[in-house]
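Number of protein chains: 2
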Amino acid sequence: MGHQLVNWIADYRSRIEEFPVMSGVTPGEIRRRLPVAPPQQGEPFDQVIADLEQIILPGITHWNHPGFFAYFPSNTSLASVLGDLAASGLGAQAMNWQTSPAATELEEVVMDWLRQLLGLSAHFTGVIHDTASTATLCALLCARERSTKFSQNRGGLQAETAPLVVYASDQAHSSIEKAALLAGFGKENLRLIETDENFAMRVDRLREALTADLARGLRPCALVATTGTTASTALDPVAGMAELAQQHGLWLHVDAAMAGSAMILPECRWMWEGVEGADSIVLNPHKWLGAGFDLSAYFVRDTQHLIRVMSTNPSYLRTPYDTEVKNLRDWGIPMGRRFRALKLWFVIREQGVEKLQARLRRDLANAQLFMKLVDAAPHWERLAPVPLQTVCIRHVPEGVRSESELTAHNLRIANTLNKSGAAYLTPSLLKGKQMLRVSIGSEATEERHVQALWQALQAAVLSSARASAG
Amino acid sequence: MGHQLVNWIADYRSRIEEFPVMSGVTPGEIRRRLPVAPPQQGEPFDQVIADLEQIILPGITHWNHPGFFAYFPSNTSLASVLGDLAASGLGAQAMNWQTSPAATELEEVVMDWLRQLLGLSAHFTGVIHDTASTATLCALLCARERSTKFSQNRGGLQAETAPLVVYASDQAHSSIEKAALLAGFGKENLRLIETDENFAMRVDRLREALTADLARGLRPCALVATTGTTASTALDPVAGMAELAQQHGLWLHVDAAMAGSAMILPECRWMWEGVEGADSIVLNPHKWLGAGFDLSAYFVRDTQHLIRVMSTNPSYLRTPYDTEVKNLRDWGIPMGRRFRALKLWFVIREQGVEKLQARLRRDLANAQLFMKLVDAAPHWERLAPVPLQTVCIRHVPEGVRSESELTAHNLRIANTLNKSGAAYLTPSLLKGKQMLRVSIGSEATEERHVQALWQALQAAVLSSARASAG
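Chains as they are written, first to last, in my numbering: chain P, 11 to 480; chain R, 11 to 480.
Looking at chain P on its own, in the form it has when it is part of the complex (with noise of 0.2 Å):
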């Protein structure tokens, strides 16, 4: 039956194309065709690769689909396929060092190798996590302990007088506001500063506002940067953050979730200069670098204070290694931990660092070609600078009309490309205006898809036109 799956997966990538990018099927349409109970008897496992033909199929998105340029991309490449097959068929489950030591190690070599790559200095140790939701959230709790001398271990956040602070731009994911409201800091004691025409955060009005919640009584705490932000890519300037946050004593948290993997090229790496002044750093291999979803990697300065916010030590746990091992249950929120280092061993070693740079170059170039079209041709407005994959822009019709029919419009066109099944964007706001934004970086994206995406916008902005005039 393995045998039978790898085959069905294979012929399933290599068909990819003929699917369309985005799901079409209506809500509740899947969940209708599924048994209302579970089976009593066993059922043969042709069935099961038979309904996952049949049911589950036509309910997917395509997320390795060359024509997928929404949200950011989701890269699932065959060799971390087989890492994780690899480890599914191992089944360790490596909370503690003992409980399978070759989990833990590998971790921490595959780490180093991710760190060597993106250029970071050995002050900076890695370590798994599922999502950059989660790890930042635990760059944020790992803030409010630093500043509140472990509180935890007392009457904990609601016994402090003084309240704490955190800042991020307000272009910064909507995973950061989660991790502050989630960390007890409170919306009011969040705060989200004015961004520049480039979308990056001012730090100008950074120190204002640190300023005045200083006079003000409060307690600065942790300073959140983006490396890339989901919006637009935008580049807050990490150095002169970096600085303030030294000034002040803030936890400094890079969020490089996209834009991290592209530096292991060394001319991206400019995009987050001061990147060694932060704290924590938290970047998505699953979404640029192949390995499969998911793969989130957190790095960090002082492994010492995570593990104490981090750690239990309950007797159960206890094994005669601990004072020599990594125990990784120590270094994040869930306890049990899957062996996920295996797929980006895969993934690395299978392509070797020269073809994964030269695939992030493939895509940085695609991403320049796209921006070129946009900008020859009339009636498209880009609506931010391009550093690295995404790009964002609208279409203004002849005779500009309001904000609400060029939104209109827009929404039009994404509705019309995503619907044809042909390409899959994100129609997003970018400060109060409708963009369409093209994310590229799938693994099997090439120049002719983004050509074609091209087409195929002209072609929806067309069927848009008639659709208003009729």
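These aren't lab readings, by the way, just hints derived from the structure by calculation. Hints may be right or wrong, so weigh each one.
[Claimed, not checked] Each computed EDC-like pair below joins lysine to aspartate or glutamate, with the alpha-carbon atoms no more than 16 Å apart: (1) R:Lys336 with P:Glu198; (2) P:Lys159 with R:Glu198; (3) R:Lys159 with P:Glu39; (4) R:Lys441 with R:Glu391; (5) R:Lys159 with R:Asp312; (6) R:Lys365 with P:Asp312; (7) R:Lys443 with R:Glu415; (8) P:Lys159 with P:Glu53; (9) P:Lys365 with P:Glu456; (10) R:Lys197 with R:Asp180; (11) R:Lys443 with R:Glu391; (12) P:Lys197 with P:Glu187; (13) P:Lys336 with R:Glu39; (14) P:Lys365 with R:Glu53.
Position chain R against the provided structure of chain P, taking the given hints into account.
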């Protein structure tokens, strides 16, 4: 290469009994066998599989080995390996309904299958989390926000005046303390209530603690009942606790991480009688139902409350279907979501309810058998009741010596046994007494393996006695 790896896994599983259960490598041994830097060029995949066999396998502790009696089991049934392979191959990221409707809807269906299997009413809705640690953190965050009427949307927990208090038993899992600390309650506001002679929470002591805290002006907030504690699978009196929870407006969270799976057996449901009074429940199908790690099932009564605590709604995540569908990114901490429902679906369909039940009954019977062997043997002491599949014992040699000698003796037994490779169990403390904790429930463990463990323990006793004498 996929075929080669499928063969390798099938081969590994078929010869698993040949391996020592617990890896015998020393700290750093695996790491030293791996290159310190990543390869510049890609490597032949044959070499990767060869390294899997030669470098990784010696560092694996075999959780699916029939001689695995440590911690709690973590089964990865072969059907689950295939389900997970399908998930990796599809590479879907299911944060929103639209990003793969089948992933969200299959999760709804399979979680509802599980709800029915467990005998829970339709008031509960299930969602997949990675681990019970994460689910419990969610539960305490939801409790915190209910008690404070959403302080997260104002000044946060740090703006609250009367401290919130969390209650659990002194046998509760370390993840409860970790969650309480991370959620900001603080160690001083966590009450670990005394347990009775069966290691279950004393409701009278709980009532006293509540009364005392109320008298001091504190605010009781959340109550965690454990169905199947980690040390001895003790059963807190859920019904009595639910009554107090209702009376005082406490959030009742039931941690049934291990024992929850047993509720697919109607004859076990007395163990969590009163569970319908819970606000949230967590159990781990990855422990004892064959769905490979990580797959934790979190059931809640008030889904709207969960969503209000966990949701963010930035423009780049909105889709046209948001009012009609579940976006599971808003049901937990991480935003991105792997298609985990597939592996549980595969397991339930391949096995059918009856085989799943038969297998659990086998393990329960094996635990009873082992208990009887212990009870009938001289110089062996059983330290706790055996409602489930875990048997807590210690060896008390002729002419009982001090507690510290007993501890050293039993640790030597555990060490000898674990190093022998024949079996692996976790030495642990039960209210200060050193015990040998025998946790039965690997999918491959048959009666003969339990008999073999008993023989191996006798041999380890002799060896320990010799070591002590020598």
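A quick look at each hint next to the structure:
For the suggested pair R:Lys336 and P:Glu198, the alpha carbons sit about 28 Å apart, so the restraint of at most 16 Å is broken. Restraint check for P:Lys159 and R:Glu198: the C-alpha separation of about 15 Å stays at or below 16 Å, so the hint holds. Simply put, R:Lys159 and P:Glu39 have alpha-carbon atoms about 37 Å apart, too far for the 16 Å limit, and the pair is violated. With a C-alpha separation of about 15 Å, the suggested pair R:Lys441 and R:Glu391 falls inside the 16 Å cut-off, and the hint holds.
Proposed proximity of R:Lys159 and R:Asp312 is supported: the alpha carbons are some 15 Å apart, at most 16 Å. Between R:Lys365 and P:Asp312, the direct Cα distance comes to roughly 49 Å. Violation of the 16 Å bound is thereby established for this hinted pair. Restraint check for R:Lys443 and R:Glu415: the C-alpha separation of about 11 Å stays at or below 16 Å, so the hint holds. For the suggested pair P:Lys159 and P:Glu53, the alpha carbons sit about 57 Å apart, so the restraint of at most 16 Å is broken.
The suggested pairing of P:Lys365 with P:Glu456 holds, with an alpha-carbon distance near 15 Å, which does not exceed 16 Å. Only pairs whose Cα atoms come within 16 Å are accepted, and R:Lys197 paired with R:Asp180 is accepted, the gap being roughly 13 Å. Between R:Lys443 and R:Glu391 the CA atoms are separated by roughly 11 Å; this keeps the pair inside 16 Å, and the hint holds. This hinted pair checks out: P:Lys197 and P:Glu187 have alpha carbons roughly 8 Å apart, not beyond 16 Å.
Only pairs whose Cα atoms come within 16 Å are accepted, and P:Lys336 paired with R:Glu39 is accepted, the gap being roughly 13 Å. Between the alpha carbons of P:Lys365 and R:Glu53 the distance comes to roughly 11 Å, so the proposed pair stays at or under 16 Å and holds.
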